[in-house]
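*Asks:* As a plain string of letters, each chain reads:
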Amino acid sequence: MSATDVLALSARAAADAIEAGSLAPRELFDAYRERAAADVSAGEDGLNCFTWVAPEPPTDDAPAPLAGVPLAVKDLFCTAGIPSQAGSRILAGYLPPYTASAVSRLTEAGATLMAKTNQDEFAMGSSNENSAFGAVRNPWDRERVPGGSSGGSAAAVAAGLAPWALGTDTGGSVRQPAALCGIVGLKPTYGAVSRYGMIAFASSLDQAGPLTRDVADAALMLRHMVGRDPCDATSLEFPEAIELPSAERLDGIRLGVPQELTGEGIEAGVLDSFGATLALAQELGAEIQPVHLPHAPHALSAYYVLAPAECSSNLARYDGVRYGYRAPDPKDLLDMYTRTRHDGFGAEVKRRIMLGTYALSAGYYDAYYGRAQRVRTKIAEDFRTAFAAVDFIVTPTAPTVAFRLGEKTAEPLAMYLNDYCTVPMSLAGIPAISIPGGLSEGLPVGFQMAGPAFSENRLLDAAHALEGAIGFDGAATRA
Amino acid sequence: MRDGEPQDLDAGAAADGRAEAFEAVIGLEIHVQLATATKMFCGCELSFGEPPNTRTCAVCLGLPGSLPVANARAIHFGLMIGLALGSELAPRSIFHRKNYFYPDQAKNYQISQYDEPLCRGGSLEEIRIHRVHLEEDAAKLIHVGSSGRIHGSDASIVDFNRGGTPLAEIVTEPDIRTPEQAGEWLKLLRSTLRRLGVSDVNMEEGSLRCDANISLRRAGTEELGVKTELKNMNSFRFIERGIRAEVERQRKILSEGGEVTQETLHFDPASGALTSLRSKEEAHDYRYFPDPDLLPVAIDREMIDLAREAMPELPAERAARLQRELELSPESAQRLAFASELGDYFEAALDAAVDPPPPAQMLANWLTGDLVARLGDGEDPQASRVRPAALAELVGLVAARRVSVGAGRQVLDSLVAEGGEPQAIVDAEGLAAMDGAEELAVIVADAVRANADAAERVREGNSKAIGPIVGHVMRETKGRADGTEVSRLIHEQLGV
Chain R
1 MSATDVLALS ARAAADAIEA GSLAPRELFD AYRERAAADV SAGEDGLNCF TWVAPEPPTD
61 DAPAPLAGVP LAVKDLFCTA GIPSQAGSRI LAGYLPPYTA SAVSRLTEAG ATLMAKTNQD
121 EFAMGSSNEN SAFGAVRNPW DRERVPGGSS GGSAAAVAAG LAPWALGTDT GGSVRQPAAL
181 CGIVGLKPTY GAVSRYGMIA FASSLDQAGP LTRDVADAAL MLRHMVGRDP CDATSLEFPE
241 AIELPSAERL DGIRLGVPQE LTGEGIEAGV LDSFGATLAL AQELGAEIQP VHLPHAPHAL
301 SAYYVLAPAE CSSNLARYDG VRYGYRAPDP KDLLDMYTRT RHDGFGAEVK RRIMLGTYAL
361 SAGYYDAYYG RAQRVRTKIA EDFRTAFAAV DFIVTPTAPT VAFRLGEKTA EPLAMYLNDY
421 CTVPMSLAGI PAISIPGGLS EGLPVGFQMA GPAFSENRLL DAAHALEGAI GFDGAATRA
Chain W
1 MRDGEPQDLD AGAAADGRAE AFEAVIGLEI HVQLATATKM FCGCELSFGE PPNTRTCAVC
61 LGLPGSLPVA NARAIHFGLM IGLALGSELA PRSIFHRKNY FYPDQAKNYQ ISQYDEPLCR
121 GGSLEEIRIH RVHLEEDAAK LIHVGSSGRI HGSDASIVDF NRGGTPLAEI VTEPDIRTPE
181 QAGEWLKLLR STLRRLGVSD VNMEEGSLRC DANISLRRAG TEELGVKTEL KNMNSFRFIE
241 RGIRAEVERQ RKILSEGGEV TQETLHFDPA SGALTSLRSK EEAHDYRYFP DPDLLPVAID
301 REMIDLAREA MPELPAERAA RLQRELELSP ESAQRLAFAS ELGDYFEAAL DAAVDPPPPA
361 QMLANWLTGD LVARLGDGED PQASRVRPAA LAELVGLVAA RRVSVGAGRQ VLDSLVAEGG
421 EPQAIVDAEG LAAMDGAEEL AVIVADAVRA NADAAERVRE GNSKAIGPIV GHVMRETKGR
481 ADGTEVSRLI HEQLGV
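Chains as they are written, first to last, in my numbering: chain R, 1 to 479; chain W, 1 to 496.
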């Protein structure tokens with residue numbers, strides 16, 4: 001098989017080809033590893049997708065069903081003996097003694113760990129500009145961001161530097177970069193995938209999710225990730241096996257369009273693309289109807305209290321005592337703490353730690369954290385009510401297409417608005433998928449579908465049907 | 001540094017009448033290390049002096065990405081404690097994060113329970129319980145350098161073996177009024193926990209630790225005064241001394257018209273000094289919030305039933321049983337039941353197959369009186385050289401009058417010092433009771449003659465004057481004579 005033919009295969013097709021004997025695992029691995037290594041060697045001229053690339057191919061034959069298909073994994077996941085820095089200087093040189101459950105499940109199913117991907121520091125960001133390893137570039141336009149925080153994973157898959165990648169989504173960190181890079185990104189139901197070994201940002205929201213070329217690949221990866229993990233008390237047994245999607249029609253499927261998330265603040269080109277996708281859905285037999293998520297406009301505010309509150313506590317452990325970066329020559333304990341954290345964390349991480357610390361402080365807890373939790377409950381109720389009337393909620397994934405590097409770095413609030421359409425589902429803990437809906441001004445637009453908890457099979461099926469009708473071509477960026 | 005502990009507080013306070021002016025209001029917070037197989041939130045085995053940092057894992061080291069999972073056994077033990085204290089068991093309780101930076105905390109937060117604890121309310125004897133909750137223990141800081149204290153040390157190193165050990169924190173209402181009461185009650189609590197089998201409850205090894213909240217108020221008033229917190233006292237003696245020193249310090253301040261400052265204090269048992277650790281202004285804002293890594297602890301019928309089934313006989317029940325079945329005096333029954341090491345020793349002695357068997361009340365008296373008096377302060381009789389069966393045998397011999405009370409005490413001295421078998425000691429030392437009445441009568445007659453004055457007074461009706469004559473007989477017989485028999489013979493010979 002020629003290198004071009006190999007790169008044209010989806011992860012699922014590659015696994016099938018290996019099973020059929022028409023492709024050697026080593027051949028597949030080398031094809032991608034060379035491309036990933038070349039991106040690293042290219043330095044400024046590359047996309048800067050990777051923080052680590054496997055120095056050599058694995059020696060053992062990988063077991064079925066994933067048959068050795070190479071996997072790129074966000075730096076946020078701990079991988080035993082392999083640098084895992086969460087995109088932060090404060091974990092410089094940190095080599096975990098264990099591997100995250102989500103990663104080990106995939107490698108046990110036969111995937112081969114090929115690379116670690118760049119990300120916003122501790123998954124805090126929507127542009128991948130908050131990384132100790134530098135910004136990642138969007139393969140559709142090198143002057144634009146890939147989205148974040150799983151920007152390295154999204155750009156690597158879009159650029160054909162990895163067949164698929166693992167990311168994490170706290171408020172949109174899988175779906176938004178998938179949208180901006182023109183690939184598929186799935187955030188599973190909270191608890192469906194173990195968080196053990198995933199470096200925590202906001203524990204009640206963090207979920208691992210696949211970034212893939214197509215919906216079937218997302219289903220295949222998810223199949224080998226889900227399940228209860230005794231090491232994660234918040235993980236749950238998925239009630240059914242994840243099936244590969246096969247639907248081609250949407251007959252009888254009711255799609256709800258929340259007015260609150262499809263109006264003001266969404267770029268015109270994005271809304272046009274969204275409308276076109278809805279029209280295609282109707283052609284496939286779907287019913288489109290308006291729904292209300294009355295508390296959704298407050299989701300972003302609630303999220304930016306809750307996530308920083310949790311992060312302020314989760315990131316307290318980075319203190320220079322046991323691992324990672326420690327400021328040189330501290331004069332006492334407080335000096336070591338202060339300088340280690342001052343020098344080790346980037347600006348956005350420090351901003352959120354301070355926001356969260358404030359929100360949890362005596363006298364402010366009820367007004368901030370307490371109220372945000374109540375909003376969260378209301379949002380979850382909104383979705384339950386809506387799902388009584390419709391099968392899925394659909395929105396644009398992000399309010400804009402990929403923006404220019406540096407365009408929003410000076411304005412944190414403008415940056416936070418990227419999560420406007422994705423955060424409500426995160427707060428509700430429900431699954432949501434972003435698929436490429438088309439182009440606006442030559443850049444990809446994401447179409448988001450969300451379903452009730454544990455509706456992944458139905459959600460993937462519907463996304464698959466729509467994906468077929470849209471016929472998005474991402475091959476250009478993989479050349 | 002504050003003034004040292006005065007030598008004799010109670011006397012000093014009583015002498016000038018100040019003792020009546022103020023009443024101490026004392027509440028205790030007790031941390032109990034639970035004797036589970038593994039730590040509170042990970043699978044590491046608990047550590048008992050292993051080399052540093054050998055009982056650790058990603059979770060208890062707080063490594064990136066690690067997550068806690070609550071120990072079901074620790075929750076079971078927590079429920080048993082709640083049942084023993086008559087607490088209300090919360091159907092749903094929450095683990096919170098208590099955030100503060102210190103190197104003995106791997107995550108810079110402690111997982112503890114805050115406003116929704118596992119158990120609320122209850123009481124143990126006269127002291128009401130406020131709450132019982134579960135949390136994780138901190139690691140151990142070791143300060144390297146000559147002083148061994150943090151100040152002046154060259155470096156501080158951390159041993160995480162203890163980090164994550166399950167703790168139950170028991171908080172009382174401020175129902176305690178004196179240092180002695182605090183000490184006594186704590187002993188009862190320790191016995192209760194020991195009976196439950198939920199902890200080693202060893203203060204010296206730190207498996208039972210106690211803080212005290214102390215305030216004073218004018219006797220007869222209800223309003224609480226400003227309190228101070230006395231931290232981490234690690235023996236019963238230090239707790240009583242520490243509380244007494246703090247009560248006296250506050251009494252002095254208030255008597256002189258001053259105001260007590262709310263602060264946390266450390267009591268140094270060596271110097272008797274109270275050192276301020278932090279004031280109210282320096283108090284932490286712990287920023288408690290529910291730990292999102294852990295689900296609420298949901299207690300169901302089955303868990304409560306399991307805890308109930310695991311409940312042993314508790315001290316109050318044991319006292320009632322000892323009184324009912326063995327007809328012990330209420331005082332003896334309570335003494336044995338509330339100090340479980342004595343109760344366990346007593347029941348082991350009673351179960352020993354010795355002939356003649358010891359009467360229960362007499363055995364109790366010998367144990368709680370003679371034996372305890374001969375052992376060091378707080379020493380567990382189980383750990384002494386006197387086996388329960390040996391004490392049983394000795395008391396049996398005394399009861400059967402084969403050994404006199406005085407000779408029995410000599411045998412006990414020997415048992416405490418060297419161990420051994422009572423009968424063998426009696427034989428070797430020639431301590432058997434005199435059975436020849438004629439021989440004793442001769443010695444009594446000698447004694448009456450030698451103490452003519454005393455004999456005269458006894459004849460005149462002064463029965464107390466018999467003492468010197470009895471003493472004479474006991475000296476002559478090396479204590480082997482039976483006191484009652486001696487007394488009878490004296491009276492017989494004197495015709496009274």
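Treat the hints as calculated values from the structure; they're not laboratory data. The structure displayed is predicted, hence computed values, not measured ones. You may find that some hints are simply not true.
To be verified - Calculated lysine to any residue pairs in the SDA-like style (CA-CA distance at most 25 Å, straight line):
#, chain 1, residue 1, chain 2, residue 2
1, R, K331, W, R308
2, R, K350, W, P103
3, W, K187, W, S384
4, W, K231, W, S279
5, W, K98, R, G370
6, R, K378, W, R92
7, W, K187, W, R308
8, W, K140, R, M336
9, R, K331, W, R278
*Asks:* Check the hint pairing W/K231 with W/S279 against an upper bound of 25 Å on the C-alpha distance.
*Replies:* holds, 13 Å
*Asks:* Holds or violated: are the alpha carbons of R/K350 and W/P103 at most 25 Å from each other?
*Replies:* holds, 21 Å
*Asks:* Are the Cα positions of R/K331 and W/R278 separated by 25 Å at most?
*Replies:* holds, 22 Å
*Asks:* Can you confirm whether the C-alpha distance between W/K98 and R/G370 stays at or below 25 Å?
*Replies:* Holds - the C-alpha atoms of R/G370 and W/K98 are around 17 Å apart, at most 25 Å.
*Asks:* Would you check the hint for W/K187 and W/S384, treating anything up to 25 Å between C-alpha atoms as holding?
*Replies:* Measuring from Cα to Cα gives roughly 20 Å; hence the hint holds.
*Asks:* Could you grab the alpha-carbon distance between W/K140 and R/M336 and see if it respects the 25 Å cut-off?
*Replies:* holds, 19 Å
*Asks:* Between R/K331 and W/R308, is the straight-line Cα distance small enough, at 25 Å or below?
*Replies:* violated, 54 Å
*Asks:* Would the hint linking R/K378 and W/R92 be met if the CA-CA limit is 25 Å?
*Replies:* holds, 22 Å
*Asks:* Can the restraint linking W/K187 and W/R308 be considered satisfied, given a maximum Cα separation of 25 Å?
*Replies:* holds, 23 Å
This entry does not satisfy hint 1, going by the numbered hints stated previously; all others are met.
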